[in-house]
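Chain A is fixed; fit chains B, C and D onto it per the hints.
Just so you know, the sequences run in chain order A, B, C and D. Quick note: the first sequence uses the working numbering, first residue -14, plus one each step. Quick note: the second sequence uses the working numbering, first residue 4, plus one each step. Quick note: the third sequence uses the working numbering, first residue 1414, plus one each step. Quick note: the fourth sequence uses the working numbering, first residue 3, plus one each step.
Any given hint might turn out to be false.
[As the list claims (entries may be wrong)] Heads up, simulated DSS-like pairs for lysine-lysine below, C-alpha to C-alpha not over 27 Å straight-line:
| no. | chain 1 | residue 1 | chain 2 | residue 2 |
| --- | --- | --- | --- | --- |
| 1 | B | K303 | A | K268 |
| 2 | A | K268 | B | K36 |
| 3 | B | K100 | A | K268 |
| 4 | B | K297 | B | K202 |
| 5 | A | K93 | C | K1503 |
[What the hints assert, rightly or not] Okay, the calculated bits of chain C under chain B, using three or more residues with CB under 8 Å as the criterion:
| no. | stretch |
| --- | --- |
| 6 | 1551 to 1559 |
| 7 | 1565 to 1577 |
Treat the hints as calculated values from the structure; they're not laboratory data. Owing to the predicted nature of the structure, the values given are computational and were not obtained by experimental measurement. Glycine is no exception: its CB is placed at the ideal position from the N, C-alpha and C atoms.
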Amino acid sequence: MNANASLIPKLVALAIVACVPLSGESFYIEIVGKVLVMAIFAMSLDLLVGFTGLVSFGHAAYFGIAAYAVAILSPEYEAASLWYVLPASVGLSALAAFVIGLFVLRTKGIYFIMVTLAFAQMAYFIFHDTPLGGGSDGKYLNNKPSASIFGWEPFDLTNEVHMFYFILAVLVLVYLFLARVLQSPFGRVLVGIKSNEHRMQSLGYLTFRYKLGAFTLAGALGGLAGFLYAVLFGFVTPELLSWHESGNVLLMVILGGMGNLAGAIAGAFAFEAMREIFADITKYWQLLMGGVIVAVVLFLPGGLAGVPGRIKRALQGGEAK
Amino acid sequence: MMKSTFKLAGNLALTLALAAAGIGAANAADKVKVGLMLPYTGTYAALGTAITNGFKQFVDENGGKLGGREVEYFTVDDESNPAKATENAKKLVSRDKVDVLVGTVHSGVALAMAKVARDTKTLMIVPNAGANDLTGPLCSPYVFRSSFSAWQPSYAMGEALAKKGIKNVATVTWKYSFGEESVAGFKEAFEKGGGKLVKEMTLPFPNVEFQPFLTEIASAKPDAVFVFFAGAGAAKFVADYAAAGLKNSIPLYGPGFLTDGNLGAMGGAGEGLLTTLHYADGLTNAKDAAFRTKYAQTYKLQPDVYAVQGYDAAQMYEAGLKAAGGDPEKKEDVIKGMESAKIDSPRGAFTLSKAHNPVQDIYMRQVKGDQNVMLEVVSKSLEDPARGCKM
Amino acid sequence: MDFASFLIQTLNSLQYGLLLFLVASGLTLVFGIMGIINLAHGSFYMIGAYLAFVLTSATGSLVLAVVLGIPLALAFGAFLEWALFSHLYKRDHLEQVLLTYGLILIFEQLRSLLVGDDVHGVAIPAFLDASIQLTEVMSYPVYRLAISVVCIVLAVALYYVIQRTRLGMMIRAGNDDRGMVEALGININMIYRVVFALGVALAALAGMLAAPISSVFPNMGSHVLIISFVIVVIGGIGSVWGALVAALIVGFADTFGKVLVPELSGIVVYVVMAVVLLWRPEGILKKG
Amino acid sequence: MSTTTKNEVLLQADRLTRRFGGLVANQDISVTLERQMIHVLLGPNGAGKSTCINMLSGDLPPSEGRIHYLGKDITALTAAQRSQVGIGRSYQRTNIFPQFTVLENVRLAAQSRRQQPWSLFTKAMEQKWALDKARACIEEAGLGKRVDWVSGVLSHGEQRQLEIAMVLSTDAQVLLLDEPLAGMGSEESASMVEVLKRLRQTRGILLVEHDMDAVFAVADMITVMVNGQLLECGPPAQIKASVAVQQAYLGTEDSFHV
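One chain only, chain A, in its complex shape (with noise of 0.2 Å):
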């Protein structure tokens, strides 16, 4: 109804984000991309845990398991295609999030939980434990991929301006990709499923079904920034599939209110943010952004997302006074 309203801000917000690499500090271009890859990870987790009420505990695997995918699937000392690598890298982190689907969703709520964890924290240690992809040291990438489709190359990702353009294209069309799927039968289903499983499987949906379908297609997404991540930095470790990882991307998603695919983007921004301000004040930044946590839990349960509703709420309650 008001979407053209919240559209607005969206792309006011959307233009100043394009305008950084204008600034051509490639630490600022670089810091900004690499929180874009992480607001596209907080959405595809929101997908699971703010549209279809299913709280993972373990979405960092997906992350690390394309990122893993590939420095591994990148011959040493040339540039892979990245027409070949992405949608290998992608398609990995998917068949993984399928396979531990199959577990993990036949276990409910608080159980659910933990039983995403520990498997999250299996697909560690097959990273740190076995010389796949080099054991407790991680992996080099030394070329990215290159997007030369027969000889024609539209964008060089070894470029830091064109890295980031490709980076904030991928996150656009997520959330288009990920508004539109909300809209569609199969999104309407999961909310349902959020709201009463239950009813959802009287009223004749396999759940089950639909719940692997949005596992699946969380974990792909989560490999699609695994993959941006891996490009980016050009090196992947297995902390990247640490529970800190999936911890901090739940964060995001809470800071930024959870079904809220924009809240979750919000989100990420607030996290580093705040990570990077506590970082440079103080040695103790740790306290700090455990007191934030600890705060936002108790004092703002709708998260970021929440704060302008609560101000205005406060604000027509001072009126009606």
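Here is chains B, C and D on its own, set in the frame of chain A:
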């Protein structure tokens, strides 16, 4: 009246702006920017602090300067988290525009940093992380190391045990790169000397439930056991090994990380252990004595190998800057200066190999009380083979 | 593997499993009764270990440290429940998880500020500082056996509490249905406070007892956290018996995994978990 | 599916038994539901009516006994699969999607008949067939005036009607309705009874209900349960006349209107 006030204000502003610009320019020309990317929180926080202390101690001794210029520090807590390593390194390199990147302890983080250094052609000095690859296949003109390679102390131990006539050895380590590289280095020297590894055991990092391996060792009865562990895991292994009664029947050896910084935590279980490392207590050179006294005075702490590595990182950079006439921008000259430098380290003088790793003496040390006392030099001027380095 | 080794490895498995049970029992209790996934459980373990270190240094005796440490841990748990968790019962599980995630950061940093980042050892009490000769070269430390005994005593005590007391009645009837429990005329807020304090105390006790053999070091909590989660997952929601069975299974899987399939030892435990989940999605001993 | 034969047996449950641990909640319950018939399950609280309806809908697997739908054994089917063959149910506690509009609640139910999870780019709100069907069912359930309301704000009675609309839009031939009149005022009750009568024309309805007036107004067949056992089954007149039923259940005045 009004007009002149405006004029005055305008002049004032102009003056201030010029002054600011002048200061800025002076800063850029005069100061050398050092980026310290080390762990200040988490498991390795104590090591990060020791390295920082060591580095700053040399700078202080040098009149607060490096290459004749004031030093400006930029510090980042790397949390020993490789997932944030690239970003953190970029922060120092691209945002703060440091002249040299000093870090770090964790090998995974150091590898990520080394990639940034290589890609951005920034000078980097590794003050601890021992991954062979850093001065092996991933070596780079820009990456130096003031510490050691995982291969070095272990290879020296392999040589020493073979020389002692020990034939059968069992090994235990964590299943991660540093551990596996250490065992590989040991194995290379030990088998060359006619020894044989009867059992190679690994457990996932950071699992510290060693009891199953102690049982295996007791049943295999090798002549000796070689292990790589560090930090709390090392303390636990040594204590468990002693508690299982194995210490008296099957001697335990390992690189010095087994006992460095852990003797207090072992509570006497480590007494008499033999380990190899590029530093020790009870060295007889004057440099070490001065270093220790000063360190203890300044920081109210006993220095350790990490402090030495931090100190030497500063020394190496000083040597480079000197060769470049104090200008950090002349990277070629700085690199050449460092490559050809002879570093007068508290550990004993060392030079740098072609792959930029210290060519250094490795000591056999024995635990006595709370010290790792030097017994002898087991490998004189040991040079890492730098396999895979094309430089 | 010869028979003697097999027996000793079995002993190792049991001993390790019991220690894991001690760590996981508090987690499963809080999890089952309050419905809270407590990521800070590892931090309470770490806090226990540091308490053991600080109090042993101060008093000269680990036994005294434990005697002093348990009431401190109980009080600390009750305080946290009062100050933080009691405000969140009506919220989503997710927010409770994140609260505990924030607490980890706070506790780790405070630990660093207060006690520093060094590795410390804690002396084994003199009367337990002995070992029993098992084979000609190997002996078994008495302290480890003593811990096993404590764990068994604790398991029996928990059994008694759960089967014979009012609190236990709740736990059995239990879960997070506040309405039903209140209808039984029980002050649920008090019950939650007691359970949370108990959970913290169990974790801290585990840390205190493990301190002499594992030593005391930064981030030690995160090492035990994940394995505790796996145990709770295998054992089933909130089931103390499930946790015991699962801890022993993990103890055996880990010990024999290391010896028999060293290449896979890191993931053996997770494979066990996956198999259990295929067989019983809600864990071995689902409550109720 | 659309052929409606009078007195066709839709649902047949034979000797259903359900145990919870040592407790027998239902023992040897047999129920038959024919098309164009309203069959009421009657019994005091705790008689096992909900257990019975849960077994019929697939929410609970029976410990023993078989269930047939149009002659096919459906005992092993899950709730979702039973919905797909044509058995729909409503719940004792209102069970809707409160944040959705009335239309979206019913549209989502209608969508379950033609699931196309792969068509990610179709807008659900543009699937005309589902919308049309949803609108028709809302009308049929008597909620035509509330199409665009958020369902959470509807009155209790309207929410019960909404549930029925949802079941209707799944093409259910058998409606299992768990206390559709519970908590309704007399006016709402009366209009619901009208709705039920209308629905009976083409379907079979199995009802759990306490409201005696309503029960005798609409029932074609009544099964009385006590303590998990089947006491008596027959047309309303037979039940009214039954001594056993009067003794066990109807005799106490206060349980008439629970």
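Hints and how they fare:
{"no.": "1", "hint": "B:K303 <-> A:K268", "result": "holds, 21 Å"}
{"no.": "2", "hint": "A:K268 <-> B:K36", "result": "holds, 20 Å"}
{"no.": "3", "hint": "B:K100 <-> A:K268", "result": "holds, 21 Å"}
{"no.": "4", "hint": "B:K297 <-> B:K202", "result": "violated, 45 Å"}
{"no.": "5", "hint": "A:K93 <-> C:K1503", "result": "holds, 18 Å"}
{"no.": "6", "hint": "1551 to 1559", "result": "holds (count 6)"}
{"no.": "7", "hint": "1565 to 1577", "result": "violated (count 0)"}
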